Amino acid sequence: MVLIYIDQADQEVKKASLEAISYGAALAKQMGTNAEAIILGTVKEDLSQLGKYGVTKVHQVANESLNHFDARVNATVTAEAVKLAGADVIVFAHNTNGKAIAPAVAVKLNAGIVTGASALPKTDNGFVVTKTVFSGKAFASIKIDTPIKVITINQNSFGTQSTEGTATLETLAVSVPTSSIKITSLNKVQGEIPLTEATLVVSGGRGLKGPENWGVLLDLAKALGASTACSRPVSDSDWRPHHEHVGQTGYQIAPNLYIAIGISGAIQHLAGVNRSKTIVVINKDPEAPFFKAADYGVVGDAFEVVPALTAAILKSKASA
Amino acid sequence: MKVLVCISKTPDTTAKIAFTEGNTKFDENGVQWIINPYDEWYSLVRAIELKEKDANVIIHLVTVGAADAEPIIRKALALGGDEAIRVNNTSSDSMVVAQEIAAIAKEGAYDLILTGKETIDYNSASIGSMLCALLDQNYIAAATKLEIDGTKAIVTREIDGGEETAESNLPIIVSCQKGMAEQRIPNMRGIMAARTKPLKVVEASIQTATTTIQQFDLPAAKSGVKLIDPTQMDELVKLLKEEAKVI
Chain F
1 MVLIYIDQAD
11 QEVKKASLEA
21 ISYGAALAKQ
31 MGTNAEAIIL
41 GTVKEDLSQL
51 GKYGVTKVHQ
61 VANESLNHFD
71 ARVNATVTAE
81 AVKLAGADVI
91 VFAHNTNGKA
101 IAPAVAVKLN
111 AGIVTGASAL
121 PKTDNGFVVT
131 KTVFSGKAFA
141 SIKIDTPIKV
151 ITINQNSFGT
161 QSTEGTATLE
171 TLAVSVPTSS
181 IKITSLNKVQ
191 GEIPLTEATL
201 VVSGGRGLKG
211 PENWGVLLDL
221 AKALGASTAC
231 SRPVSDSDWR
241 PHHEHVGQTG
251 YQIAPNLYIA
261 IGISGAIQHL
271 AGVNRSKTIV
281 VINKDPEAPF
291 FKAADYGVVG
301 DAFEVVPALT
311 AAILKSKASA
Chain S
1 MKVLVCISKT
11 PDTTAKIAFT
21 EGNTKFDENG
31 VQWIINPYDE
41 WYSLVRAIEL
51 KEKDANVIIH
61 LVTVGAADAE
71 PIIRKALALG
81 GDEAIRVNNT
91 SSDSMVVAQE
101 IAAIAKEGAY
111 DLILTGKETI
121 DYNSASIGSM
131 LCALLDQNYI
141 AAATKLEIDG
151 TKAIVTREID
161 GGEETAESNL
171 PIIVSCQKGM
181 AEQRIPNMRG
191 IMAARTKPLK
201 VVEASIQTAT
211 TTIQQFDLPA
221 AKSGVKLIDP
231 TQMDELVKLL
241 KEEAKVI
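Those protein sequences? They're chains F and S, same order as listed. When the letters of the first sequence are read in order and numbered with the numbering used here, they come out as residues 1 to 320. When the letters of the second sequence are read in order and numbered with the numbering used here, they come out as residues 1 to 247.
To be clear, the hints were calculated from the coordinates, so they are not data collected in a lab. Among these hints, one or two may not hold up.
Claimed, not checked - Label-pair restraints from in silico Cβ distances:
#, chain 1, residue 1, chain 2, residue 2, range
1, F, Leu-218, S, Ile-185, 34 to 40 Å
2, S, Ala-67, F, Asn-187, 43 to 49 Å
3, S, Val-201, F, Thr-33, 44 to 50 Å
4, F, Lys-277, S, Gln-215, 20 to 26 Å
5, F, Leu-218, S, Leu-227, 22 to 28 Å
6, S, Val-202, F, Leu-84, 34 to 40 Å
7, S, Val-201, F, Gln-30, 44 to 50 Å
8, F, Leu-218, S, Asn-56, 45 to 51 Å
9, F, Lys-292, S, Lys-25, 24 to 30 Å
10, S, Gly-150, F, Leu-218, 43 to 49 Å
Unchecked claim - To give an idea of the interface, some chain S residues facing chain F are shown, with a C-beta separation under 10 Å as derived from the structure:
#, residue
11, Thr-14
12, Asp-93
13, Ser-168
14, Asp-217
15, Val-237
16, Lys-238
Source: prediction; values computed, not measured. Ideal Cβ placement from N, Cα and C applies to all residues, glycine included.
Sequences are here, hints too, so could you generate the full structure?
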């Protein structure tokens, strides 16, 4: 059986987990087995609805203390629950919480693990998982040699597929250790889609010359409904907040569309965005290395090109 | 307070990524090696900052790898580590590396273990979480801030779409990322001092890998950029809608 870990925050199922279910369900089908899910804590959603992403059953450890994430407690409870539910493969989303507990769960189950999978495993001869390595500059095919296998799947690399179906619910009785981590404050960026979950991203670099010039970029992002990002020099100069920095040492993202404005495309920046499905580069320097990694390029002054693009998008939306 | 900083040797961020031996081995030809940036800029420098505030902080460094990791360990000592341990195991399996580090951690009884949030070569982001299970200690991943107050750690971590601050008693394991500290350059005094700081070599004790790398591949080359005239933004929107199908 393939078991998918459902991550939750504020009692809501994380979007990344729906993609993990789709991936786990496709893997189960390929292996001729069924897919089930596991969730810790209590959520507002009707969990039987997760069936439409391909799981037949949802195992729940319905202890409210698990609504606050503590890696040590969650990993312990997850490993015990997996032992009760029985599973050959456990799938996590490669998001903040998935990364924090999947390796610990693997240790507790004596399982081999591959994190950051980019495609379905090959299961015809052993169990071989392809993952991105060298910050997206290459792939590695890694064979897991243990009976139980753990995978975390890169966000936005497989896609979420929903069909028909409802899942049955089963409550698991697992003893929950008391957390010794006390959460003292929580800061949510209000009203914005987290960069790692965004499907459309508009990003700016030093070519915009200063924080006062960000208006053209923000207008474009608004017209598209996109999240905003920036290059390292921009966040280092405090033109934009640190949580917008994408690149080797910032966020690594894989949106459907990445629009880079005034970013030259240093290799460290590309490492954070090269998994984007479509890349548009707007730069006045035709020699900017980013054009080599782009699908579409516009050589021109950002302060003229970006407002024109915004206008074209608004026009296209108005006529749709 | 005893701090253990986990250090990994990685290719420089600008290194050309290529493979040899039928795409089964990373081509080290001409590659410059550095301390994994997350280990250096964030965990190690934060540990040094804690030591600058409190002289009772002792910083030990651990790396799992061959003797060719010693130059980067000396650099970490030059930045400000007190002592280093190299475990002579060349495995690339995270589970093996974590078990080797766990053995060192148990022996040293550290109050704080710092790792980078991931390495820039295998991007596994696994060691901290594995240590959490192997040592049965609290673990906070992807931390952007860390303060120590007596026997308590106050840690801010990234969550999807924001930040969360939490308190935990020591000992604790923390994986570090941007925000934690700023990159430093070792000074001459540090470099001289590093030459005589202890660097202990421990023989490998774990051999059983759970995974095997079968092959590496480079991504398919982009078919080439399609250039659009800056006055034809309607054309770009049409391509994004109808060809790329992303908006």
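Hints, verified against the model:
At roughly 36 Å, the beta carbons of Leu-218 (chain F) and Ile-185 (chain S) sit within the given window of 34 to 40 Å. A C-beta distance of roughly 45 Å is found between Ala-67 (chain S) and Asn-187 (chain F), which places it inside the suggested range of 43 to 49 Å. Separated by about 46 Å at the C-beta atoms, Val-201 (chain S) and Thr-33 (chain F) satisfy the suggested range of 44 to 50 Å. Taking the beta carbon of each, Lys-277 (chain F) and Gln-215 (chain S) are about 24 Å apart, inside 20 to 26 Å as hinted.
Our hint of 22 to 28 Å for Leu-218 (chain F) and Leu-227 (chain S) holds, since their Cβ atoms are close to 26 Å apart. The hinted window of 34 to 40 Å between Val-202 (chain S) and Leu-84 (chain F) holds, with their beta carbons roughly 38 Å apart. About 45 Å separates the C-beta atoms of Val-201 (chain S) and Gln-30 (chain F), a value consistent with the hinted range of 44 to 50 Å. Taking 45 to 51 Å as the suggested C-beta distance range, the pair Leu-218 (chain F) and Asn-56 (chain S) conforms, at roughly 48 Å.
Under the hint 24 to 30 Å, the C-beta atoms of Lys-292 (chain F) and Lys-25 (chain S), about 26 Å apart, fit the expected range. Range check, Gly-150 (chain S) to Leu-218 (chain F): Cβ separation about 44 Å, and the 43 to 49 Å hint holds. The criterion of a C-beta within 10 Å of any C-beta in chain F is met by Thr-14 (chain S), whose closest approach is roughly 5 Å, and the hint holds. Annotation: Asp-93 (chain S) was flagged as interfacial toward chain F, and the flag holds, the nearest CB pair being 8 Å apart, inside 10 Å.
Below 10 Å, beta-carbon pairs count as interface contacts, and Ser-168 (chain S) has one with chain F at about 5 Å; its hint therefore holds. With a cut of 10 Å, the hint placing Asp-217 (chain S) at the interface with chain F holds, because the nearest CB-to-CB distance is about 5 Å. For Val-237 (chain S), the interface hint holds, since its Cβ comes within 10 Å of a Cβ in chain F; the closest pair sits about 5 Å apart. Below 10 Å, beta-carbon pairs count as interface contacts, and Lys-238 (chain S) has one with chain F at about 8 Å; its hint therefore holds.
The structure meets every hint from the earlier list without exception.
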